[in-house]
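Since the structure of chain A is already known, use the hints to place chain B on it.
Number of protein chains: 2
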Amino acid sequence: MAKKGAKKSKGLKAKARCVIGIDIGGTNIVSVIVDRGAKVVAKVDFPTEGAKGPDYVIRNMAKNVKAMTVKAGLSHKDIAFCGIGSPGPLDSKKGIIMGAVNLPGWKRVMLKDKMEKLLGVPVGVDNDANCAVYGEVWAGAAKGAKNVTGLTLGTGVGGGIIIDGRLVRGANYNAAEIGHTSLNPDGRECKCGAKGCFEQYASASAIAESAREGIRNGRRSLITEFVRGDMTKITSKTVYDALVQGDKYAQEVWSEFIKYLGAGIANIINGLNPEVVVIAGGVIEAGDRLFKPLNDAVRRQTFSLTFSAAKIVPAKLGGLAGAIGAAGLVINESDFYGL
Amino acid sequence: MAKKGAKKSKGLKAKARCVIGIDIGGTNIVSVIVDRGAKVVAKVDFPTEGAKGPDYVIRNMAKNVKAMTVKAGLSHKDIAFCGIGSPGPLDSKKGIIMGAVNLPGWKRVMLKDKMEKLLGVPVGVDNDANCAVYGEVWAGAAKGAKNVTGLTLGTGVGGGIIIDGRLVRGANYNAAEIGHTSLNPDGRECKCGAKGCFEQYASASAIAESAREGIRNGRRSLITEFVRGDMTKITSKTVYDALVQGDKYAQEVWSEFIKYLGAGIANIINGLNPEVVVIAGGVIEAGDRLFKPLNDAVRRQTFSLTFSAAKIVPAKLGGLAGAIGAAGLVINESDFYGL
Chain A
1 MAKKGAKKSK GLKAKARCVI GIDIGGTNIV SVIVDRGAKV VAKVDFPTEG
51 AKGPDYVIRN MAKNVKAMTV KAGLSHKDIA FCGIGSPGPL DSKKGIIMGA
101 VNLPGWKRVM LKDKMEKLLG VPVGVDNDAN CAVYGEVWAG AAKGAKNVTG
151 LTLGTGVGGG IIIDGRLVRG ANYNAAEIGH TSLNPDGREC KCGAKGCFEQ
201 YASASAIAES AREGIRNGRR SLITEFVRGD MTKITSKTVY DALVQGDKYA
251 QEVWSEFIKY LGAGIANIIN GLNPEVVVIA GGVIEAGDRL FKPLNDAVRR
301 QTFSLTFSAA KIVPAKLGGL AGAIGAAGLV INESDFYGL
Chain B
1 MAKKGAKKSK GLKAKARCVI GIDIGGTNIV SVIVDRGAKV VAKVDFPTEG
51 AKGPDYVIRN MAKNVKAMTV KAGLSHKDIA FCGIGSPGPL DSKKGIIMGA
101 VNLPGWKRVM LKDKMEKLLG VPVGVDNDAN CAVYGEVWAG AAKGAKNVTG
151 LTLGTGVGGG IIIDGRLVRG ANYNAAEIGH TSLNPDGREC KCGAKGCFEQ
201 YASASAIAES AREGIRNGRR SLITEFVRGD MTKITSKTVY DALVQGDKYA
251 QEVWSEFIKY LGAGIANIIN GLNPEVVVIA GGVIEAGDRL FKPLNDAVRR
301 QTFSLTFSAA KIVPAKLGGL AGAIGAAGLV INESDFYGL
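Chains as they are written, first to last, in the numbering used here: chain A, 1 to 339; chain B, 1 to 339.
Simulated from the structure, these hints should not be mistaken for laboratory data.
We treat Cβ as the ideally placed atom computed from N, Cα and C, and that holds for glycine.
Take these hints with a grain of salt, some might be off.
What the hints assert, rightly or not - Distance ranges between label pairs, derived from CB positions:
| hint | chain 1 | residue 1 | chain 2 | residue 2 | range |
| --- | --- | --- | --- | --- | --- |
| 1 | A | Asp335 | B | Lys15 | 24 to 30 angstroms |
| 2 | A | Asp241 | B | Lys233 | 56 to 62 angstroms |
| 3 | A | Asn64 | B | Gly287 | 54 to 60 angstroms |
| 4 | A | Asp296 | B | Glu213 | 27 to 33 angstroms |
| 5 | A | Phe291 | B | Glu213 | 34 to 40 angstroms |
| 6 | B | Ser304 | A | Lys66 | 33 to 39 angstroms |
Unchecked claim - Each computed DMTMM-like pair below joins lysine to aspartate or glutamate, with the alpha-carbon atoms no more than 25 angstroms apart:
| hint | chain 1 | residue 1 | chain 2 | residue 2 |
| --- | --- | --- | --- | --- |
| 7 | B | Lys15 | B | Asp113 |
| 8 | A | Lys146 | B | Asp91 |
| 9 | B | Lys191 | A | Glu256 |
| 10 | B | Lys146 | A | Glu275 |
| 11 | A | Lys233 | A | Glu209 |
| 12 | B | Lys63 | B | Asp113 |
| 13 | A | Lys195 | B | Glu256 |
| 14 | A | Lys146 | B | Glu275 |
| 15 | B | Lys114 | B | Glu49 |
| 16 | B | Lys146 | A | Asp164 |
| 17 | A | Lys195 | B | Glu189 |
| 18 | B | Lys259 | A | Glu189 |
| 19 | B | Lys248 | A | Asp186 |
| 20 | A | Lys94 | A | Asp113 |
| 21 | B | Lys94 | A | Asp164 |
To be verified - So, partial list: chain A residues that the calculated Cβ filter (under 10 angstroms) puts toward chain B:
| hint | residue |
| --- | --- |
| 22 | Asn174 |
| 23 | Ala175 |
| 24 | Gly187 |
| 25 | Lys195 |
| 26 | Leu272 |
| 27 | Asn273 |
| 28 | Gln301 |
| 29 | Phe303 |
| 30 | Ala309 |
Isolated chain A (complex conformation) (with noise of 0.2 angstroms):
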C-alpha cells in the first residue's frame, strides 16, 4: 500500500527542491531540511524518548519534521523524498528495521511504511553510519570524492564504505561493520562475540578502557588527578587532556590507540584503496596530535601507491552528518530504494 502510495507521489514529488534527512540516535533525533545542492535550508533536534517504543518515536518524528517545514516556510510541495538513518541491523530496500540496541521494542519495524503514511512522502531507510559517511562523501570532508570510507570513533567504532560513489550495502545490506573486524584473532573479547575487534582497540571507549587498566595495575599519570579517583570518570577526553600537559603514561596509551586505528585503516587502503578516509567523533578534536602520528602509522603498513592516493581527514559535518547523509542517500540513490 505504501509502496503503491510512494509510486502514485513519484511523478509529482520527485522534482520538489528539497528533501528531509532525519538521523536516529539513541538519545536525539536530528532531522534537516536540504536543497539538492545538499545546503541544510532548516534543522531541528529532539529527544528520541525511545523508552516510549517505536510508535511512540515514529509518530513524535513525523510530527517534529512536519513542524520543521512549516517554520521554514516550506509546504508538502516542496518536499520530494525522506530519508531516514536508523541503528540497525536493519533491511534496507525494505525499510524495515530489524532490532536496535539502544531503542526498546524496535523488532522488525516497518520504518519505511510507517513515516511514508504519516508524511505523505517517499521514503528511504538506511544504516544510520552509512548515512553519516554518506553525508560526509556528498557535503563534507570527501566531497567529490568516489572511493571513499569513514568511520566514527565513539562507543564503538562505526564505518561506511562509498566505491565507485555508490554505498556498499552488501548482500543483505549488513555491509561496513568496520569496527567489528579483528585485529588480533587472539586478541581483547568484544560483546559481539569475536576477538580483537577493531573497536576494542580503537573506539573512544577504548581509549578510556585501557586508561583504567594501566592505572587499576598501578600505572601513575594524572588522568587519576583529573577524575579524582573515579575512575569511572575516565574518557578519551581525560587522556587527550593528561596527554596535552606532558603526561608519560597517558601518551602511552594514547600511542597504543594509534597503533591499533593505524593498523585499521591500514587495511582499510590495502583492502579498498579509497581516495579518502573520514575520521568523525570526538577524538578528531585532537588535530595533528591524532592526524600525525596516524599517518606515520598507516604509512608503514600500506604500499606507497595506496598511500600515497588516500588522505584522511576529519569529518566536516559534526552532529549533522547522518541527517544529510540520509537525504543524499535518497536523491542520489533513489533507484535502490524504489523511489
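Then chain B, alone, in the frame of chain A:
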C-alpha cells in the same frame, strides 16, 4: 594512437562472438578464447620466458594467441576484444604495467597499446588476482552472485572484490591487496614492510613456514620423515599429508592456519557482507578438512546475519580462472576500459 585504432574497430568488432583472455604468470602464460556465454572454445599455455624481457614476452604472447585463434578455426573478425590479467601494480585504465616482481624489466610497460597493435583488437588489462576472482563470478564457483570476495592462497594471498556485480579497483587501481591486511600489528614481519599481514599466516607458504619453525624448534612430526629431513622441501601439501596420517603437530599447524584464515575471512564478511567468498589454490584440495573447521572459525568471528548471507566455497576454474576472468571483464566492463 592505439586508442584511436581500438575506437575505429569498435563498431565492427564489438559484436564479434568471441573474446580472448590471457593470464600472464611468472612461469607460464595461459590463454583462452571464450564465447560471450563464457564457454571456452580454445586454450593454450606456454612458458612466459620472462628473462627475455617485456618486448619478447609480449610478441611471443601475441604470436601464440594468434596461432590458437587459427587452430580453433576462427578468424580476426570473430574476436571482439582481448582481456589480459597481469601482475602489478598497474594502471588498468591505461593498460600500463608499472612493475612486476616476477617479470624482469617490466617498468611502465604499455601493455594495452602494444597488444592492440599486435593483435588488431581492443585490449583491456587488469590485475591478475582480480581477473581470477572475476572469472569465478562470471563462470565459476560464484556464478550469478553480485557481492563476492575471492582469495587465492599460494606463495602469498591474492584477492579480488566484486561489489554489486562490478570489480572494485580503487582510487589508483590497487584495491584488494587482502593478503596485506594485518591480523596483528605486532605480528610477523612481511616483506611488504608491514607487520602481521594475512599472507604471513594464511598462505600456502605460511603453512610450510610454520611447520618448519616448529620442527627447527624440536617438534617431532611425520613431516620430517616425508621430506627425509630436508626442511626446504616442506610445502603445505606435506603438512596436509601428515595431517591425514593423524600427525599431531601437523594438526596444530593446520589449526593455526585455519584460525587466521578464518579471522581474515570474517573480516571480509563483517566488512563487505558478501554472498560468496571463493577460495582458490592447492589447499582447497583438502575439502572438508579445510572448509568444515573454516566455517566454524568464521562463524565465531562474524554476526549471524552476515555469516548466514555468505557461502565459503572452493574455486572451480583452476588454472583457467585468470584468463576466463580477463575475457569476462572486457566483455562486461568494457565501459571501464574504454572499449
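Can you list which hints this structure breaks, lowest number first? none
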